[in-house]
Amino acid sequence: MEYTILRVDLSKDKIWEEKVGEKVIKKYLGGRGLGVKILYEETEAGIDPFGEENRLIFMTGYATGTAVPLSGRFHVITKSPLTGGIGDSNCGGQFGPMLRFAGYEGIVVQGIADNPVYLYIEDGHAELRDASHLWGKGTWSTEDTLREELGKDINIVSIGPAGENKVMMAAIINDKHRAAGRTGVGAVMGSKKLKAIVVRKGKRKPEVHDEAKLKEAVENVRRIVRESPVTGEALPTYGTAVLVNIINETGGFPTRNFKTGVFEKANEISGEKIAETYLVRKKACWGCIVACGRVTKVETPPYQVDGEGPEYETAWSLGAMCGISDLAAVIKAHNLCDDLGMDPISFGSTVACAMELYENGKIPEEKLGGLKLEWGNPQTVVELAWRTAFRDGFGDEIAMGAKRLAEKYGMPDLAMHVKGLELPAYDPRAYKGHGLGYATSNRGGCHLRAYMIAPEVLGIPEKLDPLTPEGKAQWVKIFQDLFCIVDSMVVCKFITFAVGAEELLSVTNPITGWDWNVDEFMKAGERIYNLERLYINREGFDGKDDTLPKRLLEEPMPEGAAKGHVVELDKMLEEFYRIRGWVNGKPTEEKLRELDIP
Amino acid sequence: MKVKFKLYASLRRGRGTVEVEFKGKTLRDALRELFKIYPDLSEIVERDRVKEFYKIFVNGRDVEHLEGLDTELKEGDEIAIFPPIAGGLNR
Ligand code: SF4
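Residue numbers (the numbering used here), protein chains in the order written: chain A, 1 to 598; chain B, 599 to 689.
Please note: incorrect hints may appear among the correct ones.
Partner residues are not named here, just some residues of chain A that face chain B (Cβ under 7 Å, in silico) [to be verified]:
#  : residue
1  : T4
2  : I112
3  : N115
4  : P116
5  : V242
6  : K463
7  : P556
8  : E559
9  : G560
10 : A561
11 : G564
12 : E568
Please keep in mind that the hints were generated in silico from the structure rather than gathered at the bench. Where is the CB? At the ideal position from N, CA and C, for every residue including glycine.
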């Protein structure tokens, strides 16, 4: 196994290649793991996320673009401007496989360009090109312009105005609708004046050690994915928004900035409703047999749009979180976030935070430039998407993210975040283990570091009672380590609705030529999780940051199935640290020796 | 007593919410009445248990963590039923 990495220094206008050998790949796999290794080793503690020294890393893994189903993704790693900790985000679309076919497993960008540029890659060759004519454009128009100039057989990742304006929640967009959305990775790309990366479709084949064995393993995995009720039926039929009703029914659908876990109008923004109204067809990332994407169209004013979505997370963040049930407005705002290049989770959550600050009389009317900040106003969210991306008027304050906004107005507890990253669409008072997952997530408020909703609601791989904290810590650790593997090999997390570590290993060994058992495989995941932890420790995060917003720890859920519940975090955390071999949120020397890091 | 069934995803088939009046006190009794009105829904019970991967919630609590089909109901309870949007792991 060998990876070819493209290195780009924008300050020096220099491009070179670097090889990553078997030894390192065996330790960090690729994707998220290799990304954090490079970031950890090449940057110092306390660097400015927008400075020349920050690295912006695009990384695929050994599975990307192979016959393994759901392998059409890539990972972005950097120091997050939003949190000051690890910034990393996974993205679908086509770019991951296209990058490998064009000659590279990854790209590491450093420095800052004098003028806007884009990186052009074709057949193992790369160059920087002027992008002044693209600067200021949305991601959709950027893609359209580049295709007009360069032809159709290219694939593009780009930033929109949000990234250019260093909006803290800016995203990097692929194929107009797929996003490396979280932790502000788009703002780092903007700070480097890198508008886009273009790859032309190439013929290089990803390295596979034993094609015949891989074929056999892949057939098995494909069968399981097809036969699973989640990946074979629910996600293809209703998209991820199939979760809206079940999460609302179980009392954990965060409504009006997590005041409650039951949204009275949840059905209006559900997957079922989308299927009945605006759905045109489903859509897949490269090589995916699930196709959870939704192509949608709103024909009537004022929210006309030809686009995609919403997903579960956006139906929530641009809907219930702000008390909004107008599905057309939610679709419009979702598509604006894609076009402007912004993370709709952090954006919607920050708007909700502003709405509650306003309700508490903290935001003076004259700040708002005519905006109505009361709950449930769909125009406000649509309008604020524009203003935030362009940092116009009050949008400039939303652009800071919820934590900084709530601090500015003197009510820090109203920001629903962990480590500075806004929480996603599950209220952990209704799913205790999921709360532990939020609190101990390395990148902050995140459902994709340990998806405890799988066991606590969906019964995957077995059903756990969501309302008890007992026995959850060990599960959180397993999910965290497993997801490190998934993000590093790189495949879509949704594959884990159908298969587990054994099946992922069954495709890993034939691709790499290794002869690993499940323990060795999981150890790699654990190593990556611990290296990320070391990275954020170095930035000053420790046990005090492994916590949840006060509301979730102290205010009992007012209604629904979790009525009266808070998250009993301390108990779970103690057990979690013990299982992890950590003290006060930091890996012990002994653990580091065992994992052979840093 | 009277309870309310809420049907989701592929079970909905244009129905949404169904109010059912039944004799007895358990979920099993209420379902028996529901199946009389909509026989197609009887797919959710198999061998006197909630069929694998289907989910029934009484006031938001998975009956798997209550008493299953023996869960006792009270007037006005809301019962949500989901088809398999979950489960299916082969290990
Ligand atoms: S399951 Fe959805 S997100 Fe994952 S690869 Fe397939 S289409 Fe993309």
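Tested hints:
no.	hint	verdict
1	T4	36 Å, violated
2	I112	46 Å, violated
3	N115	50 Å, violated
4	P116	44 Å, violated
5	V242	5 Å, holds
6	K463	6 Å, holds
7	P556	15 Å, violated
8	E559	10 Å, violated
9	G560	5 Å, holds
10	A561	2 Å, holds
11	G564	12 Å, violated
12	E568	17 Å, violated
In this structure, the hints that do not hold are numbers 1, 2, 3, 4, 7, 8, 11, 12, in rising order.
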